[in-house]
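Number of protein chains: 2
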Amino acid sequence: MHASSPQGFLVHHGRAGIKETSPDFTVIASEVPAVASAVFTRSRFAGPSVLLSREAVADRSARGVVVLSGNANVATGAEGRRDAEEIRRRVAEAIGADENDVLIASTGLIGHRYPMPLLRAHVASLRWPFPGADFDAAATAIMTTDTHPKIRRARCGDARLVGIAKGVGMMEPDMATLLTFFCTDAAVGPVVLDDVFRRVMDRTFNALSIDTDTSTSDTAAVFASGLAGHVDLVEFERALGALALDLVKDIARDGEGATKLLEVRVTGARDVAQAKRVAKAVVNSPLVKTAVHGADPNWGRVAMAVGKCQDDLDIVPERVTISFGAQEVYPGTPGPKELERVAEHLKNAEVALQVDLGVRPYSTAEFTAYGCDLTEGYVRLNADYST
Amino acid sequence: MHASSPQGFLVHHGRAGIKETSPDFTVIASEVPAVASAVFTRSRFAGPSVLLSREAVADRSARGVVVLSGNANVATGAEGRRDAEEIRRRVAEAIGADENDVLIASTGLIGHRYPMPLLRAHVASLRWPFPGADFDAAATAIMTTDTHPKIRRARCGDARLVGIAKGVGMMEPDMATLLTFFCTDAAVGPVVLDDVFRRVMDRTFNALSIDTDTSTSDTAAVFASGLAGHVDLVEFERALGALALDLVKDIARDGEGATKLLEVRVTGARDVAQAKRVAKAVVNSPLVKTAVHGADPNWGRVAMAVGKCQDDLDIVPERVTISFGAQEVYPGTPGPKELERVAEHLKNAEVALQVDLGVRPYSTAEFTAYGCDLTEGYVRLNADYST
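Taken in order, these protein sequences are the chains called A and B.
So for the first sequence, the numbering used here puts the first residue at 7; every next one is plus one.
So for the second sequence, the numbering used here puts the first residue at 7; every next one is plus one.
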């Protein structure tokens, strides 16, 4: 077991045969009933995994999650629902849990049923308690088109936190669904954990956008075993937030075809919702993303993207300020020297855009959105990938 | 004058010196007061041209429009507003019109003032009445990054219609703003023309999306001189609609880097607004656009894009049907033969996706959105373009 893994969690990772050659079946389970919270895709085409997990976590208690990689089990009708229920029930039996205490997450091809005989045989081979808690192996086993596993660890007092994530499109339904799971041995009450997790997700994973597309299977969950005792809650939220943000940046850097991490910070907004709306309009603009890719100091595109928030009538060009890194470019027309500085900043692996809306003089409402550049590599990956 | 041009309109096209070598200054003017209607970008960064034109057309009467190509006059502050007012006033004087009866439209670089001495000299050289009505030349003079001029003509009884358009991104603020102008000699009342024009725009130009970005300068206007007398209004709306749709398809085909026209028809919706929302979600999805580009029969991406309409709780996967061309792919899993047929359809220059939402059994609410594929050429064009 990794020295800094949270107590009380065990991990199974193996090959059930969904994929040809790589691990595709993961179970993360708590030895004791854990406090849990989860957020899911809001897609109208959400698959049975999401529907079952949503029910399982409703009572804010769970034993763990089974993750199948290579098959999303989406658009598979009533049979797909029954398949998901069966796998979950069998895994629950294997770890001595109630089936309603186990979440299930799937990622991969859409419109194909699970290879049920293979999965049944694999689950039958599970021996509880699992012999270890190799979260690094779990981070690898849940990957699809990711180029490397994403795992981050943190401490908070005596407690430990670990988070793993996968996903490189936002969110490609066939291959690049976003899945992320956090485990901690901190003792945090169910209502507080739910509050903290939703706030953290809103500022991290919900602030991430690779290409505006949304998967049918996105799932983020946290499990707290409580074995390390109570922690300072402010410190805990800070630690979980930092850990989640690191994972988000790992994902953005590994975005399909991406060469640069793009951070768009919007300040001076009427409220956080407005700041988020503008930040997402900028981080998602294909013209901003291509300009960042080409290191083109085309600040007019940022103004254009801000202007897309048509119903925000309190945004007026006369009060908006736009900066690239430390260099302000609007209002006023930047000279050749300023444009040079902007072009220099755009050559970095991390590009920071700031937009102050100036809607209210002393507003503290701000939001930072995370994304990546749009490249020929993205088009190549997604045009040439064949079902 | 072109044999099929509407009576009562004269066109000036020339080189004022905004661009280095090509025509950049166009005036389309009616010899008599014309009934007029116009719709504009809703961008919060709309430039003074849009603001002035919005005021000019408010009384549904106008003499014409001056179009400056190569400089958008956006983000130029109070001076930019004064420049636009001056140009418009001088052009109005030159054609013997009230300044409030002249629209102004600009497209090109953002954040730079007009070259006012050059423009003043050019306007001073105008002689009214203009010697001709060469709409083909006007269609060329308003271009920026378009690869060819867009012009379409139609008849309606004794009346003639002509429409010109420019724009290849939707809508690139520096270069690819959408401008489109229609002239007709049909006699149509101001309230009716406004109604008809807004309905036509909603089903044509507002159904078009190249890359989800929205320019600060988009302008669409119609002028009716009335010299050909009254027309059947249903026939008139049909003619104007067909003409506008042809221009929209011309633009989509000429979209930045585009190789294919993409039509997404959504039927069986609760209402037209829902049909439009879903059609736009599909036509704008980068993963759908790249799949179309790569002729990849990846129907799961269409399901994913429909699923993005998260607040449409009456959309349920069990009632949705998805087809590529004549081939249905969902519900059920398409076999190799069906996928072959889909791949064949995707190789066409015009790709048609149909989504029936099945929200209501006898719904007639439908909407067709128009767009293009997403290609490495788009990224190349927009990453390498330098301000």
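Calculated from the structure, these hints are not laboratory results.
It is possible that some hints are incorrect.
[Said to hold, decoys possible] Taking lysine to any residue and the SDA-like style, the derived pairs with C-alpha atoms no more than 20 Å apart in a straight line are: (1) 343(A) with 118(B); (2) 343(B) with 386(A); (3) 353(A) with 342(A); (4) 255(B) with 343(B); (5) 353(B) with 271(B); (6) 255(A) with 331(A); (7) 353(A) with 368(A); (8) 255(B) with 239(B); (9) 353(A) with 386(B); (10) 343(B) with 115(A); (11) 353(A) with 387(B); (12) 353(A) with 256(A); (13) 353(B) with 386(A); (14) 353(A) with 273(A); (15) 255(B) with 327(B).
Results of checking the hints against the structure:
About 16 Å separates the Cα atoms of residue 343(A) and residue 118(B), which keeps this hinted pair within 20 Å; it holds. Distance restraint check for residue 343(B) and residue 386(A): the Cα-Cα separation of roughly 25 Å exceeds the 20 Å cut-off, and the hinted pair is therefore not satisfied. Annotation: proposed proximity of residue 353(A) to residue 342(A) holds, straight-line Cα distance about 17 Å (limit 20 Å). Among the hinted pairs, residue 255(B) with residue 343(B) is inconsistent with the structure: their alpha-carbon atoms are about 31 Å apart, more than 20 Å.
Between residue 353(B) and residue 271(B), the direct Cα distance comes to roughly 19 Å. Compliance with the 20 Å bound is thereby established for this hinted pair. At roughly 18 Å between alpha-carbon atoms, residue 255(A) and residue 331(A) fall within 20 Å of each other, so this suggested pair holds. For a cut-off of 20 Å, the pair hint linking residue 353(A) to residue 368(A) is broken: about 33 Å separates their Cα positions. About 24 Å separates the Cα atoms of residue 255(B) and residue 239(B), which puts this hinted pair outside 20 Å; it is violated.
For the hint linking residue 353(A) to residue 386(B), the alpha-carbon distance of about 17 Å falls within 20 Å, and the restraint holds. At most 20 Å may separate the alpha-carbon atoms for a hinted pair to count; residue 343(B) and residue 115(A) meet this at roughly 19 Å. For the hint linking residue 353(A) to residue 387(B), the alpha-carbon distance of about 18 Å falls within 20 Å, and the restraint holds. A threshold of 20 Å between alpha carbons decides the hint, and for residue 353(A) with residue 256(A) the separation of about 19 Å falls inside it, so the pair holds.
At roughly 17 Å between alpha-carbon atoms, residue 353(B) and residue 386(A) fall within 20 Å of each other, so this suggested pair holds. Of the supplied pair hints, the one linking residue 353(A) and residue 273(A) is violated, its CA atoms being roughly 24 Å apart against a limit of 20 Å. Between residue 255(B) and residue 327(B) the alpha-carbon distance is near 25 Å, which puts this suggested pair outside the 20 Å criterion.
Going through the hint list in order, the structure does not satisfy hints 2, 4, 7, 8, 14 and 15.
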